[in-house]
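**Q** These are the residues of each chain, in order.
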Amino acid sequence: MRLTPKQARLGREGSAAQRKALQLLVALGDLYEAERLVPVTSAHVSGASYKLIGDAGVEFLEDFAKDARVAVPTTVNPLGTDLQQWRELGIPEAFAEHQARVARAYEAMGARPVYSCTPYLLGVRPGLGEHVAWSESNAVCFANSVLGARTNREGGPSALAAAIVGATPDYGLHRDAGRQPTIVFDVRTKLEGIGFSLLGLLAGKDTGDGLPYFRGFRASEEDLKWLGAAVASSGSVGMFHLERVTPEWRRARTRGLPKVVVTARDLKEVQKHYTDGEEADLIALGSPQLSGDELRAIAALVDRSPPRIPVWVFTSRAVREACPGAVASIERCGGRVLADTCLEVTLLEHRFHTVATPSGKGAYYLPSLCGQKVILDDIETLLERYA
Amino acid sequence: MRLPARRISPGRADGKALVSPVPFSFVGGADPSKGTVLDESTGCRGEPLAGRVFAFPQGKGSTVGSYAIYGLAKRGIGPAALLNERAEAIVAAGAILGGVPMVDRVDLGAFVTGDRVIVDADRGRVDLPEVTPRPVVSAFLRNRGRFLVLRRSDRVGSFRGRWSAVSGYLEGREDPRDRAAQEIREETQAKGARFRKAADPLYTRDGATAFIVHPFLFDVPSRRVTLDWENLEHRWIAPSELATLDAVPRLGIVLDRLLHG
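Line by line, the protein sequences give chains A and B. Sequential numbering from 6 applies to the first sequence in this note's numbering. Sequential numbering from -14 applies to the second sequence in this note's numbering.
Just so you know, these hints were derived from the structure itself, not from any lab. Note that the coordinates shown come from a computational prediction; the quantities given were computed from them, not determined experimentally. Only true hints are included.
Here chain B is said to cover these stretches of chain A; the calculated rule only asks that three of the stretch's residues, wherever they fall, bring their Cβ under 8 Å from a Cβ of chain B:
1. 29 to 40
2. 53 to 63
3. 153 to 165
When the alpha-carbon atoms are kept at most 25 Å apart in a straight line, the in silico SDA-like pairs for lysine to any residue are as follows:
4. K45(B) / P(-5)(B)
5. K19(B) / E64(A)
6. K56(A) / K45(B)
7. K45(B) / D175(A)
8. K45(B) / G177(A)
9. K59(B) / E112(A)
10. K56(A) / K59(B)
11. K210(A) / T187(A)
12. K182(B) / R119(B)
13. K378(A) / S47(B)
14. K59(B) / A22(A)
15. K45(B) / E38(A)
16. K11(A) / D107(B)
17. K19(B) / G59(A)
18. K45(B) / S373(A)
19. K71(A) / P(-5)(B)
20. K210(A) / K45(B)
21. K59(B) / A21(A)
22. K56(A) / S10(B)
23. K56(A) / G46(B)
24. K45(B) / G213(A)
25. K19(B) / V63(A)
26. K56(A) / T21(B)
27. K210(A) / R71(B)
28. K56(A) / R60(B)
29. K45(B) / G215(A)
30. K210(A) / P8(B)
31. K210(A) / S47(B)
32. K210(A) / E73(B)
Here are some chain B residues the structure puts well away from chain A; computed CB gaps all over 12 Å:
33. E32
34. S138
35. S143
36. E159
37. R170
38. Q174
39. A178
40. D191
Glycine included, C-beta positions come from ideal geometry on N, C-alpha and C.
The shape of chain B in the complex, shown without the other chains (with noise of 0.2 Å):
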């Protein structure tokens, strides 16, 4: 799979990912003459930091970061090359005076740690050759402030027994918007399902398989549902509310973004 991003630093690396969910900050974060990861926050620490392409959303933190950044490059015990979803001038002064490839503008869904990774910022973009991409859509209804949520069953190839919205893999050169009516009419036979909002694509990752999920809002006149063999149950529910269900990764940021997006 192979991904569009931004340059920030120059140069190419190829190495295992490295992904922290949460914004880092290199002081404090990282230590300085080991090279590991300190941040319990990220989910990484004790990680080595040498060799790898480190991915998170964006820095934090005290402006020495980008010495920091220098410091470990200097040692060779740095990133190998950072990632970032939105870069800012601390990371990326550190990476310019350390030398370290960085690019910006990629979905942190698209990885996972121990995937392997080449940045290419000289290019503008970042491949993950182990990986293989698969466009979805994930399409919402709402009626008079619910949602319809789905339970997955059995004899679905993925996320099985899990809460989704209502999905469907995207074939082809076939319009996204369409394939998500087309979903909607075979997972629900909802009548009157009117189009509201599409959103920016997002990743989010199967094992090898990533997921590119675009997301859609329909309303529907009313909430009455017939479910296929696709789906086990469904349930009309408030946003809050999908915090607390065992939902397929990032639905929550789905809907978060057909709603304030």
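The shape of chain A in the complex, shown without the other chains (with noise of 0.2 Å):
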């Protein structure tokens, strides 16, 4: 791999964090055969529950905040718990301190102190053809599906390396070959609500490590969002394109790619598959966090029909401040509204045994991370059934 004189100067001159980062990139993109570092415009870096990363990502991260410094405007994954909600939530203290340790490690580095796996609905949206280092697969998807810009699904390690540096190593999503699709998938049901987190769901699984292209359905971005994130859950994708819809698909080569017809029975069929548990305990909304939108909507219907187990709904510190509405409506019925932590990475396996989630990514996770059975169904379904 060739770097610019400015590249070797920091490998050479940089801190010890500096040099280390560089190291780092330069390894990731001989082992991937990059040519070269692009520089990247932001950062967006997972590993910061602290269920997930435990001890050890405690210890690296206070250790490479001592000199460590993001070069350029960096975001960074949920955390572990709501630090301003623990107690209530019924969190050990000692898990509460070292999730606040990852927290001030990151800000030490100069992180937004945002705790967020959708840093494109606050404000961090990068424009068609810019190249950023996201890891959290949803948004790696979403940045390149739904904005056209250009990431790897990045580790934790290989995000934070990219954000000290300013640029990630030139491989796969970053060059045009790396955007073709792999497999099509002709949709010939109409979607709707879990529809699209369903689909997602049952393309990952077909695609594997491809990209896959979708026809025969329109999507918003919010419907995009839950695609994404299902996708990369049970697939290794990055990236996929909607006919008419996603910015890049008319320069998608569909010809003689392997073809997929997806059926509602497909769809129900992935439902029952995904769905193990009889008697929920907790419903959860997130798994990606929530915009205000959908804040708003699912308010105005826990309104409506008070459940009789706790709703617990995820979303970003920014959103929850600006929806007091809506935060005190769910409060209103018993339910909690919890920001800078997500579904699957926070610690609610101390107090529940079975989940019931609209979302894809969560139904898929929540088994492996949080020890959950789960009901994948409709949040109106669900609070028809829990009333």
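Both chains are given apart, each in its own frame, so use the hints to dock them into the complex.
**A** Structure follows, in structure tokens:
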């Protein structure tokens, strides 16, 4: 891999963290046969939930934060709990303390104190063709597919290294050739509600580490968020095209690709496959965090038909603070609106056994990351069932 | 013996090999405070990592594995070096963050647990000072979908009594394909053998000897063979039967590379 004189100088004369970060990017670049590092305009770093990164992660981040400083605007993935409400949630004190140390380490490095899996809902919206280095698979999928920005599915360490150097190895989804589809999904049913999540779960499994091209439906930005989150969970997918909707669909070459026809029955099967619980003790909304519009819509639904089991709603701190009315409605019926954390990275296994959720991504990860059984269904159906 | 390798993380280390034949995750696979292997499927459970050249095909599992490698290295209970067949980002990132020398693109068949191994990532090479390389050919004959295997006699130098393909030592600078053709004539007297395919060499160990096996596939027009002193008996088998035989190490991989490589 060839470095620019400035990058090479960073490798020689930079701080310990800069040298280490550059070394990491060069090693990964060589591994994936990149020829250079491409400058990025933002970084989004995963690896902030203490539940997932454990003591090894805390230790590394605190050591690294001694002299690491980010060189581009950097956001961080959700924490393992809401640090403003952890006592009420029954989170052990030691857990909250470790979690706070993780947040402090990232903030010391200069990251925005925003712990969200939806940076694209918080004003970080790279434009068409703009290179970024994001981890968090749903955000990667949204950036590439919906915004037309360019990022690989970075891991926590590689996204952090890119944040510090301000560049990332130029391979995969950064290159035109890496953005071509490998499989076509011909959708022959009307998609609504969790339909987008179900399609994503189905397509991710069939796509593996390829790139899906969808056709046969229209979708709003919010629909694409749920589709992307699910497809990036069940598959190693970092981007999709949707005919006549996403910005790069015209460049996609689909001739000769394998084609999968998706019917309403297929989606019903997916829902059945991911539903293994019988009685839920929690309704959870998030994964990814809800937008302001979504939060208000949920508040209205909950207000109309208050559920008899707890409802936890995950959103960003900014959205929570911007929607006090919606938060009050949800809290009035015993629900909670949690910020800076998200569904499967949060600690909930200390209290619950079966989670009902409309999130495909949540349904995918809740069994392995939280030891939960799952009921995957539309929120309207769930509220009716648990009224 | 010296093997070329690709540098992933810089540095040089000298240690005893610890070899896992299966992919490894440092999250759950290694004890973070003791630095021992926990994963049963590696065949190395309980072994300490400190001072070892830890070899496994590739990383797997949680991306937190990078931090786990860092933690072990910081405590001085991590491996002296890492060696993979195909590096992936999790272990590669951990090696860099932890300052652990690491190389990939080496054939794990060349290593057994306990070997002295010197990993020189900066020069892109791995030395096994106590191991002697020995290049050999391994030629499968094929006739109507079946493959010839031979049981080695008590008079050959290695793997006596085990099933193998036609095989022999390479001498000096001779062409492996010529050697394969000659061994076929000597060991089977098969007529009209036609070369079909060669595959990349792979390593297999017998004590302090590392055989560098050059795989070949030849088609023969008939199943008539006449054995010489090197083999006791022969069979024409389907590829699926190979697993049921007491065969020389990695013979299944030799055939697999010829058929699917």
